[in-house]
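Visitor: Listed below are the residues making up each chain.
Number of protein chains: 2
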Amino acid sequence: MAGQVGITFILLVLGSCWGLQNNDVDEEPQLVFQPSKYGSLWPLPQKVQISEVSLKLSSSSFRIIDAKESRAGASCSLLQLAYRRYYEYMFGGVKKQKVNKSVRTDPTELPELQVWITSPESECDGYPAVSSDESYELSVDQPFAVLKAPKVWGALHGLETFSQLVYEDEYGAKSINSSAISDFPRFAHRGVLLDTSRHFLPLKVLLANLETMAMNKFNVFHWHIVDDPSFPYLSQTFPELSQKGAYHPYTHVYTPADVKMVIEFARLRGIRVVSEFDTPGHTQSWGKGQPDLLTPCYAGSKPSGTFGPVNPILNSTYDFMGQFFKEISTVFPDAYVHLGGDEVDFTCWKSNPDIQRFMEQQGFGQDYSKLESFYIQKLLDIVTTTNKGYIIWQEVFDNGVKLKPDTVVHVWIGSGTNSEMSKVTAAGYTTILSAPWYLDYISVGQDWQKYYRVEPLNFNGTEEQKKLVIGGEACLWGEYVDATNLTPRLWPRASAVAERLWSAKEVTDIGDAYSRLSVHRCRLVVRGIPAEPLSPSFCPHEYKGI
Amino acid sequence: MAGQVGITFILLVLGSCWGLQNNDVDEEPQLVFQPSKYGSLWPLPQKVQISEVSLKLSSSSFRIIDAKESRAGASCSLLQLAYRRYYEYMFGGVKKQKVNKSVRTDPTELPELQVWITSPESECDGYPAVSSDESYELSVDQPFAVLKAPKVWGALHGLETFSQLVYEDEYGAKSINSSAISDFPRFAHRGVLLDTSRHFLPLKVLLANLETMAMNKFNVFHWHIVDDPSFPYLSQTFPELSQKGAYHPYTHVYTPADVKMVIEFARLRGIRVVSEFDTPGHTQSWGKGQPDLLTPCYAGSKPSGTFGPVNPILNSTYDFMGQFFKEISTVFPDAYVHLGGDEVDFTCWKSNPDIQRFMEQQGFGQDYSKLESFYIQKLLDIVTTTNKGYIIWQEVFDNGVKLKPDTVVHVWIGSGTNSEMSKVTAAGYTTILSAPWYLDYISVGQDWQKYYRVEPLNFNGTEEQKKLVIGGEACLWGEYVDATNLTPRLWPRASAVAERLWSAKEVTDIGDAYSRLSVHRCRLVVRGIPAEPLSPSFCPHEYKGI
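Residue numbers (full-length UniProt numbering), protein chains in the order written: chain A, 1 to 546; chain B, 1 to 546.
In short, the hints are calculated from the structure, not lab data.
Using N, Cα and C, we set each Cβ at its ideal position, and we do this for glycine too.
Don't take each hint at face value.
Said to hold, decoys possible - Cβ pair distances, simulated, as ranges:
#1 Q377/B - S443/A: 35 to 45 Å
#2 T306/B - E168/A: 29 to 39 Å
#3 R84/A - A129/B: 54 to 64 Å
#4 H248/B - E52/A: 45 to 55 Å
#5 E168/A - R453/B: 24 to 34 Å
To be verified - Output of the computed footprint for chain A on chain B, the stretches with three or more beta carbons under 8 Å from beta carbons of chain A:
#6 41-51
#7 143-153
#8 212-226
#9 350-360
#10 377-391
#11 505-518
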């Protein structure tokens with residue numbers, strides 16, 4: 001069958017890989033490239049049927065259009081923009097003059113993909129949320145392909161899947177096999193954390209990575225926007241924070257317009273932007289533009305001139321936080337804000353006589369985690385008044401802070417992860433997992449396999465507990481990455497996490513994953529993303545940059 | 001003093017770095033950025049005096065010109081091209097209309113740099129060699145700066161140094177402090193190994209990295225051009241080798257014109273191109289286009305269909321090698337060719353009855369390293385007839401092959417490195433070191449410090465033995481790097497090796513190195529090279545790509 005030849009060829013061409021190795025390097029077991037029966041689909045959809053019948057796509061006449069019955073029409077710019085984007089991905093370099101055909105003569109041609117939003121509320125102009133319906137059904141067949149989805153979010157994923165089914169046959173003709181796909185994510189929260197404090201990431205870098213997230217069906221950009229080293233967020237209420245706390249107040253900040261652009265760019269791709277403003281630790285940069293916010297540390301009986309975590313004993317601290325998070329709640333439309341709360345160092349608090357006095361007054365004894373909880377508790381109350389839910393790093397839970405029932409606990413500590421997952425879910429909290437997915441740790445070899453083999457629900461707990469795990473995030477902390485190297489370090493390593501969070505639990509064949517991922521990474525390269533190689537191999541079109 | 005203010009400012013702006021860290025990651029001790037009294041010079045010259053007197057450079061009138069006394073003039077295109085290149089590096093974005101000044105009014109302006117080749121043989125049209133004189137003296141002062149070098153190679157290094165002295169003062173004015181520098185390399189062989197077999201590296205990537213090598217005063221590009229996975233070298237004598245052995249015969253090969261371009265691009269930057277054609281192991285890709293070259297492996301009494309190392313018992317093998325290396329000797333002008341000889345797996349040879357018979361005939365017993373030596377010995381004799389010297393990986397020496405006195409032994413095995421260095425030099429062989437500098441090994445943190453702390457002569461041996469160590473190479477094997485990620489993975493990690501091989505033995509202050517290297521890496525970024533960050537920090541001009 002022509003279709004079969006076509007598929008085999010494209011896989012060989014796109015993903016031919018070598019099981020050989022340079023013995024100088026010890027590494028994980030090498031996998032051998034074998035074309036997958038699922039082609040290059042990534043992440044693998046829940047149900048896939050690909051037939052051997054091959055249809056052709058004409059760059060001059062192929063159209064992605066709204067189905068007549070669709071509840072979202074020409075006014076839905078989110079979809080219209082997506083049609084153009086996916087047309088570009090599929091036909092990139094090979095656009096031809098439009099040919100006027102009065103009669104369609106080739107029965108093997110697929111003339112169009114109809115996109116059919118089935119729910120009366122398409123959510124075209126809304127924001128994605130943790131509860132969004134991301135499901136879709138895709139039927140590729142004569143006389144036309146149909147993509148059905150209740151909401152635009154599923155339609156976006158379906159367009160990506162459709163584009164992943166398209167391949168070039170032996171003669172370069174764009175082709176797609178007759179297929180039926182029914183798909184939805186296993187987990188609702190599938191995130192990537194980027195850190196714009198340790199290194200500033202230019203807007204271009206953020207957008208390119210949002211683009212790549214969409215190609216991997218990630219749906220949460222966890223924007224760890226500020227931290228100790230710098231404060232690039234330009235606050236309209238407290239402009240001094242970035243004026244004094246950013247690496248540079250003009251060139252290394254995110255203006256309100258920048259933030260808006262990131263949020264809208266993400267929304268158009270079905271991605272939530274969850275901002276993190278981590279306190280009371282990790283706040284050195286806040287102190288530069290907000291006097292008295294941080295605790296003065298003491299050397300003996302005198303202030304040493306250095307500062308510790310946010311000062312939890314001053315009313316002014318809570319006034320500030322109230323105003324600040326009120327702004328954040330309007331700037332970031334997502335229903336959640338990440339409040340951090342990790343790694344609070346008590347040394348400075350312990351050194352400060354005012355803090356010591358406060359501890360006594362409150363009856364906290366020498367237990368500074370009680371002081372931390374005191375602060376966090378007040379902060380959570382403040383944020384609650386802004387009508388936002390919150391996500392916090394696991395220490396906040398570990399320290400026994402009283403949390404709203406809808407709080408999301410973010411598990412990140414690499415040791416004891418499973419027992420932590422048990423405890424957090426036993427306490428009834430919604431949970432997201434990052435501990436096994438700290439992508440800032442690097443080593444020679446195919447570490448993507450390690451990320452891929454993680455089973456997020458592999459902890460002791462009831463079915464009810466497991467349902468509380470709503471997903472996870474790949475974290476790329478910023479110590480050693482900036483615009484020069486972030487993108488290839490993130491991709492396709494984060495793709496392994498993407499499939500783990502999207503596909504069915506049973507999708508664990510590492511060999512099949514290797515073959516699909518090899519071709520997927522070359523597809524990212526063709527789309528202009530410098531995604532690094534998995535092994536000795538080549539892409540038919542190598543990256544064009546340096 | 002204005003000069004002092006200027007220097008302090010540019011260092012702060014270019015290299016402000018944070019000693020903070022994300023506790024999530026364990027890492028090497030953090031260094032704190034302190035402006036170095038040597039500014040951003042990298043690698044540090046042998047003798048440096050920088051005064052506080054600041055001079056200004058005008059982009060409209062500053063000139064780099066041949067000194068009247070120079071033995072290389074306008075006909076030396078190597079120098080003329082270098083003048084343009086360095087003008088561009090220094091004045092990149094800020095070119096102004098030429099202003100006609102009849103009288104020079106500003107006494108603090110430095111109007112020109114005169115380049116003075118002092119030796120009657122400038123070597124302008126020659127190729128750099130291991131014996132090349134790379135020394136130079138640079139005097140920056142009124143009424144003009146003078147760069148004196150016996151040969152063009154030293155002049156190229158001096159231009160790089162001059163460009164590294166230039167900084168922007170607080171108002172953006174291009175400035176340079178009055179300085180006197182006398183410089184020469186500690187080691188003659190300072191190389192970078194790139195591997196174009198495991199992944200094909202587009203020409204653009206090779207050229208960008210040659211460019212960056214010159215910015216770090218590296219002078220050898222060790223081109224590990226072919227290996228098991230692919231054979232991208234297009235041989236005019238044996239075109240089938242790449243026709244069948246490359247990843248793709250058109251898009252993934254180096255044509256004769258490509259190779260010429262690499263060599264000339266390197267020559268113009270004072271860089272030797274030492275090609276490696278590794279045999280008898282690491283040759284799977286050779287077998288595809290050259291039947292009978294590789295040893296057929298046996299499963300029991302029958303050929304298994306797989307192949308092992310080069311077949312050392314056939315005359316045809318040596319006929320082929322004779323013709324092949326004759327071509328190589330004319331294509332690559334360097335006086336040395338790297339013949340490999342590492343990691344020969346004897347399993348296949350042992351399985352083959354013809355080989356077994358040959359072993360008996362030769363009285364080799366079961367010692368297959370004797371067979372390996374038999375092959376290598378004949379290969380060395382062949383290459384000797386082409387009037388080339390050779391470099392071989394350490395196993396060839398370890399196995400007791402008879403070597404010409406001028407053979408260079410390349411030490412790469414990570415364990416027992418010091419005793420190997422002792423043995424090789426005790427036997428009187430010239431040596432290059434790579435064992436501590438395998439940059440394909442990666443880990444989170446500042447591994448550049450580890451590379452930097454290596455002392456190549458730190459082995460037991462006489463002064464005579466130490467003199468035999470002519471340098472070393474940073475090796476970036478290609479399993480996990482291609483056009484998408486090679487450049488940021490190599491730089492500035494290889495820069496640490498560059499300084500170790502260039503600067504005086506006593507230059508070991510890691511804190512000073514950190515400060516200079518931080519600014520050097522931002523300079524690479526400004527010059528368009530995506531060199532990755534050392535630590536949480538920023539560059540005033542971040543990388544413009546993604």
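Visitor: Hint by hint, note whether the structure agrees.
Guide: Now for the hints, and whether the structure bears them out:
For Q377/B paired with S443/A, a C-beta distance near 40 Å keeps the hint of 35 to 45 Å intact. The hinted window of 29 to 39 Å between T306/B and E168/A holds, with their beta carbons roughly 32 Å apart. A C-beta distance of roughly 57 Å is found between R84/A and A129/B, which places it inside the suggested range of 54 to 64 Å. For H248/B paired with E52/A, a C-beta distance near 27 Å fails the hint of 45 to 55 Å.
Checked against the hint of 24 to 34 Å, the pair E168/A and R453/B fails, with Cβ atoms roughly 51 Å apart. Look at the segment 41-51 of chain B against chain A: 0 of its residues bring a Cβ nearer than 8 Å to a Cβ of that chain, fewer than three, so the hint is violated. Counting residues of the segment 143-153 of chain B whose beta-carbon sits less than 8 Å from any beta-carbon of chain A gives 0, not enough to reach three: the coverage restraint is violated. Requiring three or more residues with a Cβ within less than 8 Å of a Cβ of chain A, the coverage given for the segment 212-226 of chain B is violated, as only 0 such residues are present.
Here the segment 350-360 of chain B counts 0 residues with a CB under 8 Å from a CB of chain A, which misses the bar of 3, and the coverage is violated. Coverage of the segment 377-391 of chain B by chain A is violated [criterion: at least 3 residues with CB-CB distance below 8 Å; count 0]. Only residues whose C-beta sits within less than 8 Å of a C-beta in chain A count toward coverage, and the segment 505-518 of chain B has 0 of them, not enough to reach three; the restraint is violated.
Going through the hint list in order, the structure does not satisfy hints 4, 5, 6, 7, 8, 9, 10, 11.
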